[in-house]
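Got chain L sorted already, so can you dock chain U onto it with the hints?
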Amino acid sequence: MELNAVYVIVAREFKKFVREKSRLFSALARPLLWLFIVGAGISRLVPVESGVPYTQFIFPGILGMTILFSSIFSSISIIWDKEFGFMKEILVAPVSRFSIVVGKALSGTIVSTIQAVIILALFPFLGLKLNVIQISEAIIICIALSFCISALGIVIATFYESYESFSVIMNFIIMPMFFLSGAMYPVRMLPPVLQFVSKLNPLTYGIDAIKHVILPSIGGRMSYDFSFHTSLIVIITTSVIFVFFGAKAFERKD
Amino acid sequence: MSHSESNIAIKVKNLVKRYNHILAVNDISFEVEEGTIFGFLGPNGAGKTTTISILCTLLSATSGNAYIAGYDCTKYPSEVRKSIGIVFQDSTLDKDLTAYENLVFHAYLYNVPKSEIKNRVESVLHFVNLYERKDELVKKYSGGMKRKLEVARGLIHKPQVLFLDEPTLGLDPQSRANLWDFITKLPKEHNVTIFMTTHYMDEAEVCDKIAIIDNGKIIASGSPEELKKIVGGDVVSITTKDNLYARKHIENLLKLEVLEKNNELYMTCNQGETCIPDLIRSLGDKVLSVKIQRPTLNDVFLKLTGKTIREDYAPESNSTKESIRAYRRKH
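Residue numbers (the working numbering), protein chains in the order written: chain L, 1 to 254; chain U, 255 to 585.
Isolated chain L (complex conformation) (with noise of 0.2 Å):
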């Protein structure tokens, strides 16, 4: 793995972010709406049953959105480089495949974290109590996620040549992994068709390990669907897949 590589192809990705700061802004709209409108809305419809209002239930499936969001439409960034031909700048150069996915993987995990740590951050709003542990512990999950869905959005981008399949992949891929994901309900209640589909999504194990970390008083029909162990380890198995996935793809030449 060449560092000098991953390194700059960060640092491009974050250059970029930190210049286009309505970018920032309009990321972190999607997540204030959902959690303080629908997530305001739905919570009048179910009962405080479970130990924690809906707003707190869906708090960690919006760090979750906020992460989905962002991971892919950084990695899928991919095919604007091929598009606009700097993608072959960066294929021609003495550079292993491996490094080059690594590096845009990390550029994704690092702009996601950031947009994930702001959301975070708004929990007194929810009414949430949480201590310095607990903060840390899902700010690591949230790296890992993020790692994770920036690596499956590098192996997304590598199907596809040009931006005019950006809604194709807003529309089939994005949405229904935000909506099978746990986030808004949890799996467990969902037809058994549908729970199948969720468990085969990694962003449900992220968002449950989120749920373990900042509403460990959950309980009832809303509780976790996996345990935490189980959950940290389909993330990271599944990031090593995409990874090596994303190099074998990139790898190809015809």
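A few of these clues could be false.
[Said to hold, decoys possible] The calculated lysine-lysine pairs, modelled on DSS-like cross-linking and capped at a C-alpha distance of 27 Å, are: (1) U:Lys394 / L:Lys82; (2) L:Lys15 / U:Lys372; (3) L:Lys88 / U:Lys368; (4) U:Lys349 / L:Lys15; (5) U:Lys336 / U:Lys349; (6) L:Lys15 / U:Lys388; (7) U:Lys394 / L:Lys16; (8) L:Lys16 / U:Lys388; (9) L:Lys15 / U:Lys393; (10) L:Lys88 / U:Lys349; (11) U:Lys372 / L:Lys16; (12) U:Lys336 / U:Lys372; (13) U:Lys442 / U:Lys336; (14) L:Lys88 / U:Lys545; (15) U:Lys495 / U:Lys463; (16) U:Lys336 / L:Lys248; (17) L:Lys88 / U:Lys400; (18) L:Lys15 / L:Lys88; (19) U:Lys388 / L:Lys88; (20) U:Lys557 / U:Lys482; (21) U:Lys393 / L:Lys82; (22) U:Lys442 / L:Lys21; (23) L:Lys82 / U:Lys336; (24) L:Lys21 / L:Lys82; (25) U:Lys372 / L:Lys88; (26) U:Lys412 / U:Lys439; (27) U:Lys483 / L:Lys88; (28) U:Lys483 / U:Lys463; (29) U:Lys482 / U:Lys412; (30) U:Lys267 / U:Lys463; (31) L:Lys15 / U:Lys368; (32) L:Lys88 / U:Lys394; (33) U:Lys515 / U:Lys483; (34) L:Lys248 / L:Lys199; (35) U:Lys482 / U:Lys336; (36) U:Lys439 / U:Lys482; (37) U:Lys349 / L:Lys82.
Keep in mind the hints are simulated off the structure, nothing from the lab.
Below, chain U alone, put in the same frame as chain L:
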């Protein structure tokens, strides 16, 4: 790497690239000596970009071999990548970064020692006269500036071979002239071999050696002078008071074939300079005007293929590109 070939920068042997039924590159072979400018000439879709892509390790060949600086492009892609710089047909700059940032990115990617990055980046910026505008975003650059910046970027890691794929495409005449000015300086000042493609015949005049490619095959190669000899000499045209008389006279006395067009008489002479005195001596005061024209590379291409190399030739080539794209989508 054998020592006898150490002054060969690029070697291509029986290279073939096939997409289904399309032979994009059809068994081509050539060598490029170190420190020279090599021109790969042909109409759009002739196989120039495909050949460059194979040499740059972006594509794998169907069969045959290609070597850069002695390294096999298939077996040692990483070594090859270290030895080359490339300016692609389409811009590969990040338009949301400044010129300076684009160059620094490149330096890191090519593992240039950190202590040298600043020096090298600044020196190439001076070389292409963009130093004063280094902190502007590339999206504010004109086409000519972008192309120069890309050439500058290609030099940062001190490559042995610099590929230029249609470097002047889409540039205005002034930027083109300006770009050529410093491209021709490169071999001496940066100790680099240039491999360029173009479909502008006049631009190929700066090359030390040229290979003309059409439909995936090399149909002629040599120095521009050697290639022009294929045309068979200079074209001399005259106007006279009495074309009929003059024509007969030239055909009988000088044994030259004469063509009449628009009241002018055309003939091809081995050496135009020695031909003109003969003409005037034999025709006396009947000659009104004499014009001598050196053959151009365009005449060479016309002679070899029966067609000109203009851009209006593109429709067929676009269909080749389309089929290649369709092939890629399927696989």
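To see whether the hints hold, each was checked on the structure:
1. Taking the CA atoms of Lys394 (chain U) and Lys82 (chain L), the gap is about 21 Å. The hint holds against a cut of 27 Å.
2. With a CA separation close to 19 Å, the supplied pair Lys15 (chain L) and Lys372 (chain U) stays within the 27 Å bound.
3. At roughly 23 Å between alpha-carbon atoms, Lys88 (chain L) and Lys368 (chain U) fall within 27 Å of each other, so this suggested pair holds.
4. Only pairs whose Cα atoms come within 27 Å are accepted, and Lys349 (chain U) paired with Lys15 (chain L) is accepted, the gap being roughly 13 Å.
5. At most 27 Å may separate the alpha-carbon atoms for a hinted pair to count; Lys336 (chain U) and Lys349 (chain U) meet this at roughly 24 Å.
6. Taking the CA atoms of Lys15 (chain L) and Lys388 (chain U), the gap is about 17 Å. The hint holds against a cut of 27 Å.
7. A hinted pair counts as satisfied when its Cα atoms are at most 27 Å apart, and Lys394 (chain U) with Lys16 (chain L) qualifies at roughly 16 Å.
8. Proximity of Lys16 (chain L) to Lys388 (chain U) is assessed by CA-CA distance (about 17 Å); at most 27 Å being required, the pair is judged to hold.
9. Distance hint between Lys15 (chain L) and Lys393 (chain U) is fulfilled; the C-alpha atoms sit about 16 Å from each other, no more than 27 Å.
10. About 14 Å separates the Cα atoms of Lys88 (chain L) and Lys349 (chain U), which keeps this hinted pair within 27 Å; it holds.
11. Pair hint Lys372 (chain U) plus Lys16 (chain L) holds up; C-alpha atoms about 21 Å apart against a cutoff of 27 Å.
12. Distance check on the hinted pair: Lys336 (chain U) and Lys372 (chain U) sit about 20 Å apart at the alpha-carbon level, within 27 Å; holds.
13. A distance of roughly 20 Å separates the Cα atoms of Lys442 (chain U) and Lys336 (chain U); the hinted pair therefore holds under the 27 Å criterion.
14. Between the alpha carbons of Lys88 (chain L) and Lys545 (chain U) the distance comes to roughly 49 Å, so the proposed pair goes past 27 Å and is violated.
15. Pair hint Lys495 (chain U) plus Lys463 (chain U) does not hold up; C-alpha atoms about 43 Å apart against a cutoff of 27 Å.
16. About 22 Å separates the Cα atoms of Lys336 (chain U) and Lys248 (chain L), which keeps this hinted pair within 27 Å; it holds.
17. Simply put, Lys88 (chain L) and Lys400 (chain U) have alpha-carbon atoms about 16 Å apart, close enough for the 27 Å limit, and the pair holds.
18. Using a Cα cut-off of 27 Å, the hinted pair Lys15 (chain L) and Lys88 (chain L) holds, with the two alpha carbons roughly 20 Å apart.
19. Proposed proximity of Lys388 (chain U) and Lys88 (chain L) is supported: the alpha carbons are some 22 Å apart, at most 27 Å.
20. Distance check on the hinted pair: Lys557 (chain U) and Lys482 (chain U) sit about 10 Å apart at the alpha-carbon level, within 27 Å; holds.
21. Pair hint Lys393 (chain U) plus Lys82 (chain L) holds up; C-alpha atoms about 17 Å apart against a cutoff of 27 Å.
22. For the given pair, Lys442 (chain U) sits about 46 Å from Lys21 (chain L) by alpha-carbon distance, which is inconsistent with the 27 Å threshold.
23. With a C-alpha separation of about 22 Å, the suggested pairing of Lys82 (chain L) with Lys336 (chain U) holds against the 27 Å cut-off.
24. Restraint check for Lys21 (chain L) and Lys82 (chain L): satisfied, since their Cα atoms lie roughly 24 Å apart, inside the 27 Å limit.
25. At most 27 Å may separate the alpha-carbon atoms for a hinted pair to count; Lys372 (chain U) and Lys88 (chain L) meet this at roughly 24 Å.
26. For the proposed pair Lys412 (chain U) and Lys439 (chain U), the alpha carbon gap of about 15 Å is at most 27 Å, so the pair holds.
27. A C-alpha spacing of about 39 Å is found between Lys483 (chain U) and Lys88 (chain L), which places the hinted pair above 27 Å, so the restraint is violated.
28. Proximity of Lys483 (chain U) to Lys463 (chain U) is assessed by CA-CA distance (about 14 Å); at most 27 Å being required, the pair is judged to hold.
29. The straight-line distance between the Cα atoms of Lys482 (chain U) and Lys412 (chain U) is roughly 34 Å, outside the 27 Å bound, and the hint therefore fails.
30. Between the alpha carbons of Lys267 (chain U) and Lys463 (chain U) the distance comes to roughly 17 Å, so the proposed pair stays at or under 27 Å and holds.
31. Proximity of Lys15 (chain L) to Lys368 (chain U) is assessed by CA-CA distance (about 19 Å); at most 27 Å being required, the pair is judged to hold.
32. Only pairs whose Cα atoms come within 27 Å are accepted, and Lys88 (chain L) paired with Lys394 (chain U) is accepted, the gap being roughly 21 Å.
33. With a C-alpha separation of about 24 Å, the suggested pairing of Lys515 (chain U) with Lys483 (chain U) holds against the 27 Å cut-off.
34. This hinted pair checks out: Lys248 (chain L) and Lys199 (chain L) have alpha carbons roughly 25 Å apart, not beyond 27 Å.
35. Straight-line distance between C-alpha atoms of Lys482 (chain U) and Lys336 (chain U) comes to about 36 Å, which puts the hinted pair past the 27 Å bound.
36. With a C-alpha separation of about 24 Å, the suggested pair Lys439 (chain U) and Lys482 (chain U) falls inside the 27 Å cut-off, and the hint holds.
37. For the hint pairing Lys349 (chain U) with Lys82 (chain L), the CA-to-CA distance comes to about 13 Å; that is within 27 Å, so the pair holds.
Going down the numbered hints, you'll see the structure goes against 14, 15, 22, 27, 29 and 35, while the others check out.
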